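**Student:** One letter stands for each residue in the lines below.
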Amino acid sequence: MSAGPHRFVSADRRVREDRRFVAGKGRFVADIELPNTKHVALVTCPYPAARIKNIDARAALAMPGVRYVVDGPELAAATLPLMTGLDTPNVPRRPLALEVARYSGEWILAVVADSRAQAEDAAEFVEIVYEPLAFVLDAEQALQKDSPLVHEAHGSNVLLDKTFVWGEVERDFAASPHRLSLRVKWGRSSTVPIETFGVMANWDPWREILDVYASIQMPRFAEQIGNALKIPNTSVCVHYDIDVGGSYGVKRGIKHAVLCGYLARRLGVPVRLIEDRLENMRGGDAHGPERLFDVEVAFDNEGVVRSMKMRALENLGAYAGRSPFQLGKPVGAIVGPYRITSVQYRAIAVVSNKTTQDAVRGFGQGPTNFAIERCIDEVANFLRVDPLEVRRRNLIRREEFPYLIPSGTTYDSGDYQTVIDKVIADNGYERLKAERDRLRRAGKLAGIGIGACLEPSGGNTTFEPLLNPKITNSTSMDSCRINVDSTGAIVATMHTTSSGQGHETLVGTVVGEVLQVDPDEIRITRPDSLNSLPSGTPVASRMAIMLGGAAFHAAQKLKSKLTVIGAYDIGIPVDRAAYERGEVFDRLIPSNKRSWTELVTIAHRNYHRLPKGFEPGLAVEHIYQVPTGGTLPTSDGRVQMYPCFAFEFHLILLSIDPDLGRPEILRYQFGHDCGTQINPKIVRGMSMGGIAHGIGAALYEEFAYNDDGQLIAQSFMDYLLPTSHEVPPVEIVDHETPSPLTVFGQKGSGESGYLGAPAALANAINDAIRPLGISVNSLPIRISYLGDLIADARAKVAK
Amino acid sequence: MHIRLSVNGTEHTLEIEPRTSLLDCLRDHLNLKGAHAGCEHGVCGACTVLLDGVAIRSCLMFAPQAEGMALTTIEGVTPGPGELSPVQDAFCETHGMQCGYCTPAMVLVAHALLADNPNPTREDIVEAISGNLCRCTGYAQIVDAIALAAERIRGANRPAGLRK
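From first to last, the protein sequence lines are chains A and B.
Residue numbers for the first sequence follow this note's numbering, beginning at 1 and rising by one.
Residue numbers for the second sequence follow this note's numbering, beginning at 1001 and rising by one.
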């Protein structure tokens, strides 16, 4: 299906969005100004769990500029609870707490004023009487029978506990000479974009339209607003032409939008809520997975892993929207790039009195990859076999694709060994080991770490029915409409927001490629939700596949239409006509042709020259389904969620300052195969950004809580994003194994780097400290912790 | 209170609350939206502007404190409508951004660096941008952009034969 050699696809072309950004002319939500806009500030709960006994907002209402306050009971009476993914009716989620608040920072009340400063001033004068309640922070404690209940009506803290068995797990374990088990933990971090979440809503009672401007990246956003506000979807207009200042999954903001939508309708003025950083970190409901894994693997004397048992315990925080589904996505790549023949997977999700989670880059795949890769390293360590060699023995081989894994997913394509070979060309691995050993002889702690993993991309959201059979979703479409106007100008559309992934460039490149016209001459627009075709939005590393696929097929339809028009006007059968660079010509007499201008003129002005009954004009659209279709999971949970699987291979050399515990990455090599790269600049940026994010998750970033249930990482001074000093130069080695399923052979790359970097870093650190008889399996591996661990170990060695 | 601010070579007289941050003043009173709020506690650098040519965080300064100094924002280094400075063009060439939110600040930092040091090493560039957080790029293409801009600016007015 690959379209063959390309002119614009894979070319090193600029990204069209960049021009406005370098001039400061992005159009972010905080840049939107509507007359008479009012501003929201929030009053939040200071306890991890508390009953709200009384609210007195009289003093706040008397403050200058204050227009309104709204509390949980008023909002709950007027709106429906927010959509949840699991079937948990007794765990309702609302923008403002109702009766009980369940985490420190949860919104209790919103103050509306003429300026944000006035709203913040007034928020401090709201008096609330709380009755603090017992709380639970730790997922394992939340599982205990005597644990405080986060949602009493639900009867337990467990929202999900599902066990899948794919293949003959017990038989394979019994038949294997070795087994080992490992407990690893992925710490609570997130994507933390530099732009916080923001939304502005404005109700027009005469048109009956709620205009919503939001820094959003979320499927079915408009629909969820309409549902909660109990207004029809024809009355919700989400403006997709807002530039989103980074998201990487978390910019969901549904509670913000429902709150502002309600206030805008109640007050008849535009209402805006732009989070400050504290609101973003504490009450923005944008934390990522916090996952405890117990993994057991069974393997033979060669280190070939036959079977795996994985228990994943997720700490969701106080409420759940789609976040539990992050335990479902990894089912589609549960064996990573390895030929593990049977798997038992138990996915448990509990609520706790922490901030609510939402989707984070990789949707749960990163933690799972980390757990698998730590295990593979421990298998190598157990057998005293080189960890790269153990991986080579386990990797799926090139000739085995398409490859069916035990959980029912078929991997489309790959050539993992070749990617690795390219990374370690010229004896590179041996030289890297020699360098590590030289450092060790010089008294340093030095280690090599490998992370080999997959990036599933372009999925159909069947993790929803997998974990909640009441949901029957089996598609996540994307769409493109192309219109050629009467002057010949080409306008193509996308139907969602964009947060830095270069989607306009993607559509332009693909449409230009198919029509053989300069992509820069094609206008790309992002119509609002009332004028849009379906889009699954930029989640699931899907846009290159899905929006690229939609744009490709729409352009093909346009090309076919032009060919029919040209052939008819020339007077030849369609199959004798060919399209090239905007012209249609007779294959037998190539000089017999119709130019672009002539074709456009016929379509738009000369109905008499069109085939009888032919639709005039030149408008086409295509709604693209995931290339592997959509089939509901089997009763034992086998499912094809994602069609395409990119491969990445991280190879790191690092040393650790033995006194400070500070790891320093000395060399970072990254082999990457995401099939055909539509824009290499974008792919490189995605990988580098993902690696930087992975470095953060592995070493620095954590939404840490103290024993009192307070989030103690509430600013960028406590929650540490990697700066330019923390991200080393990375040697990227590209390899392209085209996907047989996609229009140009492309696979996703939106999560690349992030999905394997933490594993590689953890493995490198463990390699470095293993000579001291210690190991670390909990992320982030903080410098202070590592320093103490090393100091203790050295003290023991000295004794 | 009344203040006078010199922004991008133009004098402005403004009536503002004394507590107005320089960032809010630029955005809300002068409609210069290129400076962005990221953390409002002086860490992320998204609000960076140049004060007498030095990159500073406009969220950490009250607008009245900037009186008597020359402010330059991203709008001030953009040569004209639709025109890019060599630094801005280099950012486009290397794709030194993704979402564009930290980008104006990065461009201003690059302008300040290259005004002081036309021949920066990679380490100089890394140091110069280390006070500005970017969550998208991992910085590599930003570093490339600034190195490319430096190279182009150095070579710009030399006879072709002398360019390296």
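Simulated from the structure, these hints should not be mistaken for laboratory data.
As the structure is a prediction and not an experimental result, all values here were calculated from the model.
Think of the CB as a built atom: it goes at the ideal place given N, C-alpha and C, for glycine as much as any other residue.
Keep in mind that a hint or two might mislead.
Stated by the list, open to error - Quick list of in silico lysine to aspartate or glutamate cross-link-like pairs, DMTMM-like style, CA-CA up to 25 Å: (1) A:Lys25 / B:Glu1093; (2) A:Lys561 / A:Glu580; (3) A:Lys561 / A:Asp657; (4) A:Lys422 / A:Glu400; (5) A:Lys25 / B:Glu1123; (6) A:Lys25 / B:Asp1144; (7) A:Lys444 / B:Glu1123; (8) A:Lys433 / A:Glu621; (9) A:Lys25 / B:Glu1011.
To be verified - Using C-beta positions, here's what the derived DEER-type ranges look like: (10) A:Met717 / B:Glu1127: 56 to 62 Å; (11) B:Gly1009 / A:Leu530: 55 to 61 Å; (12) B:Gly1009 / A:Leu267: 48 to 54 Å; (13) A:Glu389 / B:Glu1127: 36 to 42 Å; (14) A:Thr597 / B:Gly1009: 44 to 50 Å; (15) A:Leu267 / B:Glu1015: 41 to 47 Å; (16) A:Gly629 / B:Val1054: 56 to 62 Å.
**Student:** If a hint holds in the structure, say so; if it does not, say that too.
**Tutor:** Hint-by-hint comparison with the structure:
no.: 1; hint: A:Lys25 / B:Glu1093; verdict: holds (18 Å)
no.: 2; hint: A:Lys561 / A:Glu580; verdict: holds (13 Å)
no.: 3; hint: A:Lys561 / A:Asp657; verdict: violated (66 Å)
no.: 4; hint: A:Lys422 / A:Glu400; verdict: holds (20 Å)
no.: 5; hint: A:Lys25 / B:Glu1123; verdict: violated (29 Å)
no.: 6; hint: A:Lys25 / B:Asp1144; verdict: holds (22 Å)
no.: 7; hint: A:Lys444 / B:Glu1123; verdict: holds (24 Å)
no.: 8; hint: A:Lys433 / A:Glu621; verdict: violated (55 Å)
no.: 9; hint: A:Lys25 / B:Glu1011; verdict: holds (22 Å)
no.: 10; hint: A:Met717 / B:Glu1127: 56 to 62 Å; verdict: violated (20 Å)
no.: 11; hint: B:Gly1009 / A:Leu530: 55 to 61 Å; verdict: violated (43 Å)
no.: 12; hint: B:Gly1009 / A:Leu267: 48 to 54 Å; verdict: violated (41 Å)
no.: 13; hint: A:Glu389 / B:Glu1127: 36 to 42 Å; verdict: holds (40 Å)
no.: 14; hint: A:Thr597 / B:Gly1009: 44 to 50 Å; verdict: holds (46 Å)
no.: 15; hint: A:Leu267 / B:Glu1015: 41 to 47 Å; verdict: violated (27 Å)
no.: 16; hint: A:Gly629 / B:Val1054: 56 to 62 Å; verdict: holds (58 Å)
Consistency with the previously given hints fails for numbers 3, 5, 8, 10, 11, 12 and 15, ordered from lowest to highest.
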